[in-house]
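Position chain W against the provided structure of chain C, taking the given hints into account.
Protein chains: 2
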Amino acid sequence: MSSEKLIYLPLGGAGEIGMNAYVYGYGKEGQERLILVDLGVTFSDMETSPGVDLIFPDMTWLIENKDRLEAVFITHGHEDHVGAVGHFWEDLGVPVYARVFTAALARHKMKDRGAPEAEVITVGAWPEMTKAGPFTVGFLPVSHSIPESAALVIDSPAGRVIHSGDFKLDETPVVGEPFDKDLWAEVSRDGVKALVCDSTNVFSLHPGRSEASVGREIEALVSEAPHMVVATTFASNVARVKTLAEAGERAGRSICLMGRAMRRMIETAVETGVLKSFPKVVSIEDARAIPRENLMLLVTGSQGERRAASAQLARGKYNGMTLKDGDMFLFSSKTIPGNERGVIRIMNQFSEMGVEVVDDHEGRYHVSGHANRPDLEALQDIVNPQMVIPNHGEHRHLRQHAKISEARGRQSIVAVNGTMIDLTGNAPRVAGYVETGRTYLDGAVKIGALDGIVRDRIRMALNGHVVVNVILDEDDEPLGEAWCEIMGLPEQGRSFAPLLDVLEEDLTQFLGRANDKTLANDDKLEEELRRIARNTCNDEIGRKPEVTVIVSRLS
Amino acid sequence: MSSEKLIYLPLGGAGEIGMNAYVYGYGKEGQERLILVDLGVTFSDMETSPGVDLIFPDMTWLIENKDRLEAVFITHGHEDHVGAVGHFWEDLGVPVYARVFTAALARHKMKDRGAPEAEVITVGAWPEMTKAGPFTVGFLPVSHSIPESAALVIDSPAGRVIHSGDFKLDETPVVGEPFDKDLWAEVSRDGVKALVCDSTNVFSLHPGRSEASVGREIEALVSEAPHMVVATTFASNVARVKTLAEAGERAGRSICLMGRAMRRMIETAVETGVLKSFPKVVSIEDARAIPRENLMLLVTGSQGERRAASAQLARGKYNGMTLKDGDMFLFSSKTIPGNERGVIRIMNQFSEMGVEVVDDHEGRYHVSGHANRPDLEALQDIVNPQMVIPNHGEHRHLRQHAKISEARGRQSIVAVNGTMIDLTGNAPRVAGYVETGRTYLDGAVKIGALDGIVRDRIRMALNGHVVVNVILDEDDEPLGEAWCEIMGLPEQGRSFAPLLDVLEEDLTQFLGRANDKTLANDDKLEEELRRIARNTCNDEIGRKPEVTVIVSRLS
Chain C
912 MSSEKLIYLP LGGAGEIGMN AYVYGYGKEG QERLILVDLG VTFSDMETSP
962 GVDLIFPDMT WLIENKDRLE AVFITHGHED HVGAVGHFWE DLGVPVYARV
1012 FTAALARHKM KDRGAPEAEV ITVGAWPEMT KAGPFTVGFL PVSHSIPESA
1062 ALVIDSPAGR VIHSGDFKLD ETPVVGEPFD KDLWAEVSRD GVKALVCDST
1112 NVFSLHPGRS EASVGREIEA LVSEAPHMVV ATTFASNVAR VKTLAEAGER
1162 AGRSICLMGR AMRRMIETAV ETGVLKSFPK VVSIEDARAI PRENLMLLVT
1212 GSQGERRAAS AQLARGKYNG MTLKDGDMFL FSSKTIPGNE RGVIRIMNQF
1262 SEMGVEVVDD HEGRYHVSGH ANRPDLEALQ DIVNPQMVIP NHGEHRHLRQ
1312 HAKISEARGR QSIVAVNGTM IDLTGNAPRV AGYVETGRTY LDGAVKIGAL
1362 DGIVRDRIRM ALNGHVVVNV ILDEDDEPLG EAWCEIMGLP EQGRSFAPLL
1412 DVLEEDLTQF LGRANDKTLA NDDKLEEELR RIARNTCNDE IGRKPEVTVI
1462 VSRLS
Chain W
912 MSSEKLIYLP LGGAGEIGMN AYVYGYGKEG QERLILVDLG VTFSDMETSP
962 GVDLIFPDMT WLIENKDRLE AVFITHGHED HVGAVGHFWE DLGVPVYARV
1012 FTAALARHKM KDRGAPEAEV ITVGAWPEMT KAGPFTVGFL PVSHSIPESA
1062 ALVIDSPAGR VIHSGDFKLD ETPVVGEPFD KDLWAEVSRD GVKALVCDST
1112 NVFSLHPGRS EASVGREIEA LVSEAPHMVV ATTFASNVAR VKTLAEAGER
1162 AGRSICLMGR AMRRMIETAV ETGVLKSFPK VVSIEDARAI PRENLMLLVT
1212 GSQGERRAAS AQLARGKYNG MTLKDGDMFL FSSKTIPGNE RGVIRIMNQF
1262 SEMGVEVVDD HEGRYHVSGH ANRPDLEALQ DIVNPQMVIP NHGEHRHLRQ
1312 HAKISEARGR QSIVAVNGTM IDLTGNAPRV AGYVETGRTY LDGAVKIGAL
1362 DGIVRDRIRM ALNGHVVVNV ILDEDDEPLG EAWCEIMGLP EQGRSFAPLL
1412 DVLEEDLTQF LGRANDKTLA NDDKLEEELR RIARNTCNDE IGRKPEVTVI
1462 VSRLS
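Residue numbers (this note's numbering), protein chains in the order written: chain C, 912 to 1466; chain W, 912 to 1466.
Don't read these hints as lab results, they were simulated from the structure. Just so we're clear, the structure is a prediction, and the values are computed from it rather than from any experiment. Treat each hint with caution, since some may be false.
Note that identical chains are pooled: a pair holds if it fits in a single copy or bridges any two copies.
[As the list claims (entries may be wrong)] Here are the simulated DSSO-like cross-link-like pairs (lysine-lysine), alpha carbons at most 27 Å apart as the crow flies:
| hint | residue 1 | residue 2 |
| --- | --- | --- |
| 1 | 1357 | 1455 |
| 2 | 1245 | 1235 |
| 3 | 1314 | 1228 |
| 4 | 1235 | 1314 |
| 5 | 1022 | 1187 |
| 6 | 1022 | 1455 |
| 7 | 977 | 939 |
Just chain C, with the same shape it has in the complex (with noise of 0.2 Å):
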């Protein structure tokens, strides 16, 4: 038996929908040569995430083992897949492979960070394969809600992989390549080891429908409204973009695109020749003087994003357009859950201008770009893998996953972040664990999700803010009296007497009684100081704030 081994190890979208992050190895123990499959982000929130511009998968481990890292390879160009290798280039320093499409998208990543968009190197597709180290790799075409998206055939000494990335079984997806079943069954032919697969909709029941089914139904809409339509889709999604845009052309209608997400999009779709063809668009400028009843815009901003074209709409006006009532809206989306309440606000926005606010709710003028449960077990018997290592997906998605394969009589195992499995024999088998979390984009700087400084700022918001500053003289005694700033707190309580005179008095009479002992020991002092202003807030506004203590000492 071979002392060298095959490894997966997910670094993120394992136990997560979002910034996905996953490592391959193969070689002696502890000295296998790594690829990295996908370097992708996830959005913050209000709730965990406060004020962090970007959530990263923490890549600590690779960049310590970089040195036996060959190569990243990039499944497709949705955000969550590539939207991290301009941040991580650098820490890396290995070439970043994929396809022409999604190469274009990656340098655009690379230049936002300043980092050169040479190292991205455009490959073609399967059966064109690349090296990197022991692995062989191949782009396998397969349908999803971005142009060019591909499984990857990942080969090495101890058998084939196929990482499947995002996907659906579509065979009619507008643009781009169709699922070829044949291909996929050629490519299996000779026996694969692992098919390490999309989870995100495992709960599906039904066979998803294809993205050629919903042209139809948005014509037949966009055909009947009365005045001015206006369509928002994830930019990235090409097709729905193209399938709006020639609903719109042949309801008699020029067509425009709002919000640059969208416009670069569809330039490099073009550009890259992945978009063959897509109507004729006008300028803003233009849009501005065609009679609204002959206009179509499409815009950027599907899931409520504040600063998108749909938002900025709602709350009036986007490089001068405004709607009006009679006016449709149609979100061609889903929204991801957490983002209702950002949706819904614009709804609500557009309903109050008399705006006709279409919706997916049923399922006609939306199709989901992920596999459903049938398609997962389908894409298994294509395959026929002797594993599957359910990723992409939160604990829940995995663990249905690795259930359904289980009972197909495949191998499998819930591998989380930081699960390290052994791929070698013929079964799954956890080799290890490696420290990984969550890396925040804060500003400039990135910092750890635990570091602290987030959990400070949730503190701040839950509980406001109080800073006491007192100032001592040569001989520790205080000088004048305490003196406070509230942040985010109100400005008085029970006594109706203001709460930073309250305050203020408190603790002005504790630095009067208190010892010289305490009074020479800044410890002490910020620590009893807090404790009074804590309690007295507590007394007078039923709130413990957070509270910073500067004592200043003239000496």
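Positioned in the frame of chain C, the structure of chain W alone reads:
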């Protein structure tokens, strides 16, 4: 034509879901005698109201006019209809009328706030009527997801108004009165001026299903579960709690209620005679001794609330009970928009324990308590009102409800919070606007949503907080260096020096070069110090924080 007017004025619940509060008035303009229907709360969230304990409608207008207020009538016992009675009783000082079960819940609310429970007066159902100034008010039974919900029949010299409250048309509601079509027709026979009607489910296009329909499904599920079963639903949904308990009992399981709200609700339902039979329950102590496969726990926390029983079980333990591999957890509930993250968190925690989580995405184990669009239309046909005034809903719900009402030949209007509607004539007419908004219960203090207090907390959460402290002597000369504290900010940035050091150096340098005029002027000095602190942070960490400046003068 009489100069007396019948007015309707929503103060909460019209333009949002939650915190219902509706004023009716009759009399000469500006001197109308008033009644209030419902006095509810809504719940805070981290995004818009971090740290806030409860949200109330702004009652300022009503408090200013309390000499005209006759009484409060509560339609049913949900928090968004009764939750604020204890908080405003002292301000309003009028009796609160409700039916027996609702009154018992209202008395709990009064007691919790130290308000006199005796001010809650129990009244019977229609045809009993209560006189309140120019109004007589009757409680007309209707089905909903809490026992003993009632529409109000509000008679005045200007005619009869029916205020639906929350309702569904359920003829087999398991607990409480079935919807009685004949009774409603009889009440409406002599003409109804206005139907003021629940709008929450207007976008649901299928007729609502009966509470009785979920019993069989739940029973099938529970009877096949191999290990312990835990189920959660809204504590106030007494019918569902009973259905769950009976399903467990029939499957040979002992029933244990966990969570204060659920026990209190069932006890109150039994004590008031609303709940005639309920399976025998065991105490938590006894439950621990019962074999797991013979046990069913009914727990609070269907919305993922962090302190409820379900979330505590998901984190590990509640009252000594733990869940294990193979146990089942059933969400017999829907997730209210905005609560998805909390519910998903729990689901994944259970998944990690090996617990089977069953939820309701296909509507098998839960039905809504509100009337869907066909039900709203059916009620209009029964009541045959001159006007339909949509209430309880976001703007989009009210607008759609008005639209479908007008399409059926009814007069209608979209009246959001603060819009005073004159119902006297043949059509609803806007009679004026009243300032409204939201009042926050913040610890022990009521604050206005726009007071800036919560805004400051959100800013600290998004931007972090820097405190700058400088001391000036009697001659306005800086004494020592500037001193800073940071909270919620990275400790170092681009220069790799500690952020505090860079801040203090930049600020101290400024103090050294500042002219006498600036040093002598607190406002000017603070402004400059704030500007420098923000710029330094922006240079170092790419973020402009909130800055509090404390200038201490030894004078």
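Enumerated hints in conflict with the structure, sorted upward: The structure conflicts with no hint, since it agrees with every one listed earlier.
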